[in-house]
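A.B. asks: Got chain A sorted already, so can you dock chain B onto it with the hints?
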Amino acid sequence: MSTESAQFHRDADRLTHDLRHRAWIQKALGGYYVKRDEQKAKYTDWQQARAAAAAAKYEAVNHLDKYLVELTDKLAARGTKVFWAADGAEAAEYIASVARDAGVKRIIKSKTMTGEEIHLPQALEKAGLEVVESDLGEFIVQLRGEPPYHIVFPSMHLTRGEIDGTFQKKLGSAHADTPEELTMIARGVMRQKYCEADMGISGANFAVAETGHISITENEGNARLSTSLPKVLVSIVGIEKVVPKLDDLAVLLPMLATAGAAQNMTCYNTLLGGPRQPGETDGPREFHVVLLDNRRTALLADAEQRDALHCIRCGACLNVCPIFKNIGGHSYGTTYQGPIGSVITPHLRGLQSWKHLSFSSSLCGACAETCPVKIDLHHHLLQNRRNAIEQKPVWWEKPIFAGFAWFMRRPRLYRFAAPLLRLTAPVLHAIRGKDIDPLSMWTRTRDLPAPPSQSFKEYWRDRNAKR
Amino acid sequence: MPNDSREKILRSIREALSVKAPARHLAGTGAAASGHKPQDWLPPVPSSPAELIALFEKNSLDLKTEVRHCADAAAAASELAALARENNWKSVGSHHFALGTETVSALGLPVVFTDQPYETADLERCDGGISGCDCLVAQTGGILVTSASAGGRVLSVLPPHHVVIASAGQLVGDLADAFAVLRKTYGSPPAFVSFITGPSRTGDIERILVLGAHGPKKLTVLLVQS
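If you read the protein sequences in the order shown, they are chains A and B.
The numbers in the first sequence follow the numbering used here, run straight up by one, and end at 587.
The numbers in the second sequence follow the numbering used here, run straight up by one, and end at 427.
Chain A on its own, in the form it takes in the complex (with noise of 0.2 angstroms):
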C-alpha cells in the first residue's frame, strides 16, 4: 500500500465516522442541489447544452496544438508575454523571475487551482516574496494553513464559529457573528492589500484562442481587482482551458455557472486580453501568460480518458458524489477532489501511488450524469482500476482464481464440499470481524449473510419431484 492510500484509508475513515461533519455536508449542499434544479429547469434543454458544450471542449482538446499556437499568437499581438511552462517547477520559476525583474515585494492572488497544483504560494514565497489569497473561501483556508477543501467551495467544512475564531486569532479581528461581518472584515483587510501590492496572479476558466483572451469567472469581484490594479499581472493557464472560438462562452460561462454555483452566471466574466493599451489609463503595465502542462500530455496520450481534459472545474462531480459527502474534501489528499480528482490524479501523480481513488467508488455513475462536459467519469474509473492492476498485477489473485475455476469444474467436490460451509457458518459468524477471522478484512465493516438452508440444486431436484 503506497502512503498516499494508507493516509487516504485513515482519513477517510475518522471522517467518515464523523456524524456531524457528514450532516455539515450534507445541509451545505442541500441547498445547492435545489438551486441547481432550478436554474437547470430553465434551460430549453439541458441535456443538448451538455452535448454543445462537450462539443466545443472535444474540438479544442483534439486539437490542441493548433488552438494554443493560435491563442499565443494572439495573445502576443496586444502586448502579452506567454510562456509555456512543462511542469510546476519551470512555471513557478519564471513567475518568480518576472516579480525578480519587476521589482516586487507583494503579490495579490486570485484563486487558482491550477496555481494550488504546482503549489506556486509555497514556492513564491520561498523566493521571499509575500503572497496573499484574496478570495474570501481560500484566504480563510490559507490563515489556517489548510488545503482547498473543495475546487470551488474551499471553506464550506468550516462553521462561521470556526472563521470567527481564525479571525481573531490571524487577524486579531473583534468577534463576529454574522457572514456578513465576517465577510466585511476579509473586505477591509483586502483592500489595502490590493491597493499594495504590485503584483496580481490569477488563474483561468478558459482561453479564447480565436480572439487571445484569459476568461476568469468569479463572484467577488477580487479576481476583477488583482487582475488591474497591481502593475504587473500572471495568469497561470493550463493547457486544457483552450477553446476554438469566443462564441464558445456563449454556452460555457452560464453553463459553469449553473453546474458550478447554481447560478445562471456568476457575478464578474471577464476576458484579459493583453496589458494596459495605449489610449487605457488603468489596468496592468505588463501581462504574463503561463501555459501550464504538468503531464497534462499524458493524459492527453490516452485517448480512452482523453475527455477528462473537458472538464471546466465546476466542482459539480463532488456535489453529488456519495464518496466526496462521506469522506469529505480533505481526505483525498489532492488538488482535485471527487470523482474528476480521483480519474486525472493518476495520470497527473503517478498511477501506482494514486490508483487508491479509483477504488474509492461505489461506481453508481451520478457523476458522468451531472458532469456539463460529458466526461465518462465513472468508467474512467474503471480504466484506472485495469490499468493499475495490468501494470501491476496483485499476485495472489491468479492462483485465487485459478483454484476457484479448478473446483467450479469438479461437481462431484461442489456437490461435497457446499454443505461443508454450511457447517462452518455458525463459526463464522461467531468470530465474525475478529482478527483470527480469515474473512476479517471483509467482515469487519460488513455483514456475513447467513448461508440459506437448502442450495439451489437441491430446491430444484425437490421442486421437480413434487411435480
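To be clear, the hints were calculated from the coordinates, so they are not data collected in a lab.
Honestly, I wouldn't trust all of these hints.
[Claimed, not checked] Quick list of the computed label-pair ranges, beta carbon to beta carbon:
| hint | chain 1 | residue 1 | chain 2 | residue 2 | range |
| --- | --- | --- | --- | --- | --- |
| 1 | A | 221 | B | 321 | 53 to 61 angstroms |
| 2 | A | 308 | B | 263 | 26 to 34 angstroms |
| 3 | B | 276 | A | 309 | 39 to 47 angstroms |
| 4 | A | 551 | B | 215 | 54 to 62 angstroms |
| 5 | A | 250 | B | 386 | 37 to 45 angstroms |
| 6 | A | 250 | B | 321 | 30 to 38 angstroms |
| 7 | A | 221 | B | 209 | 22 to 30 angstroms |
| 8 | B | 326 | A | 282 | 29 to 37 angstroms |
| 9 | B | 267 | A | 250 | 23 to 31 angstroms |
| 10 | B | 386 | A | 220 | 49 to 57 angstroms |
| 11 | A | 201 | B | 267 | 35 to 43 angstroms |
| 12 | B | 297 | A | 221 | 32 to 40 angstroms |
| 13 | B | 328 | A | 201 | 58 to 66 angstroms |
Quick caveat, the model's predicted, so the values are computed rather than measured.
Every residue gets a Cβ at the ideal spot worked out from N, C-alpha and C, and that includes glycine.
C.D. replies: Using the frame of chain A, we list chain B on its own:
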C-alpha cells in the same frame, strides 16, 4: 527566460493526438444534425424589445440589481441625484460618455474621472462609480463593459455602489448577441471585457449569500427609454 518547453509540449501534443479519441458526447443526441446554434439550448430569450426589458428586469431582481426606468436623459439626471441623496454620496468616480457626462456634472459633487490619468486611492474614496456599458444581456441580467465603454478596468468594481446608465436600445438577448455587439463596435474584442451580473457576492461562509464581497455592494441600472 528562454526555454524549449513550447516545442516539447507541442511535440507531445501532436504525438498524443495521433490516436483519435471517441466522440462519446455525440451519442444519444441530435447535436450533430440538428442545425441549431449551441446557445439555442440555453434559457429561452424573447425577441421583442419590451419582452427583453422585462426579462432583464426579472433577472436583475433575482440578482439584487436595482433597475430604475427613466423617460429621458433629464429623468436619468434626477434619478441619479436621488441616488446621491439617498446614499449620502460625497464624491463619485465617472468618465465621459454620451448618457453620463452632463448627468454626472449636474450632481455638483467632486468627480474623479477615470478616462484620464487618476490615482487609485482617490477612486477608492469615492462613494459611487457611474459608468456606461456596451450592452445589457436579457438572458442573464448581465451588463457588458469594456475599458472604452465603462471608464477603464477599475471604475465599475472599486467604488461600493456602481451605477450604469444605459439606453433601452442597448438590450440584447444572450451572450452571443453581446459578442456580436463587441465585434460591431471594436472589430475584435478589446483587451478588457467583463460581464457584470449583479452586485459582488460571496457564499463562502456557510453558503450564506453576502453582497459586496470585494466589489460593489450595490448595483443600479438607470434605463433610459429614449
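A.B. asks: Now tell me, hint by hint, if it's right for this structure.
C.D. replies: Cross-check of the supplied hints:
no.: 1; hint: A/221 with B/321: 53 to 61 angstroms; in the structure: violated, 23 angstroms
no.: 2; hint: A/308 with B/263: 26 to 34 angstroms; in the structure: holds, 28 angstroms
no.: 3; hint: B/276 with A/309: 39 to 47 angstroms; in the structure: holds, 41 angstroms
no.: 4; hint: A/551 with B/215: 54 to 62 angstroms; in the structure: holds, 60 angstroms
no.: 5; hint: A/250 with B/386: 37 to 45 angstroms; in the structure: holds, 40 angstroms
no.: 6; hint: A/250 with B/321: 30 to 38 angstroms; in the structure: violated, 19 angstroms
no.: 7; hint: A/221 with B/209: 22 to 30 angstroms; in the structure: holds, 24 angstroms
no.: 8; hint: B/326 with A/282: 29 to 37 angstroms; in the structure: holds, 34 angstroms
no.: 9; hint: B/267 with A/250: 23 to 31 angstroms; in the structure: violated, 38 angstroms
no.: 10; hint: B/386 with A/220: 49 to 57 angstroms; in the structure: violated, 39 angstroms
no.: 11; hint: A/201 with B/267: 35 to 43 angstroms; in the structure: holds, 41 angstroms
no.: 12; hint: B/297 with A/221: 32 to 40 angstroms; in the structure: holds, 36 angstroms
no.: 13; hint: B/328 with A/201: 58 to 66 angstroms; in the structure: violated, 38 angstroms
Of the numbered hints listed earlier, those contradicted by the structure are 1, 6, 9, 10 and 13.
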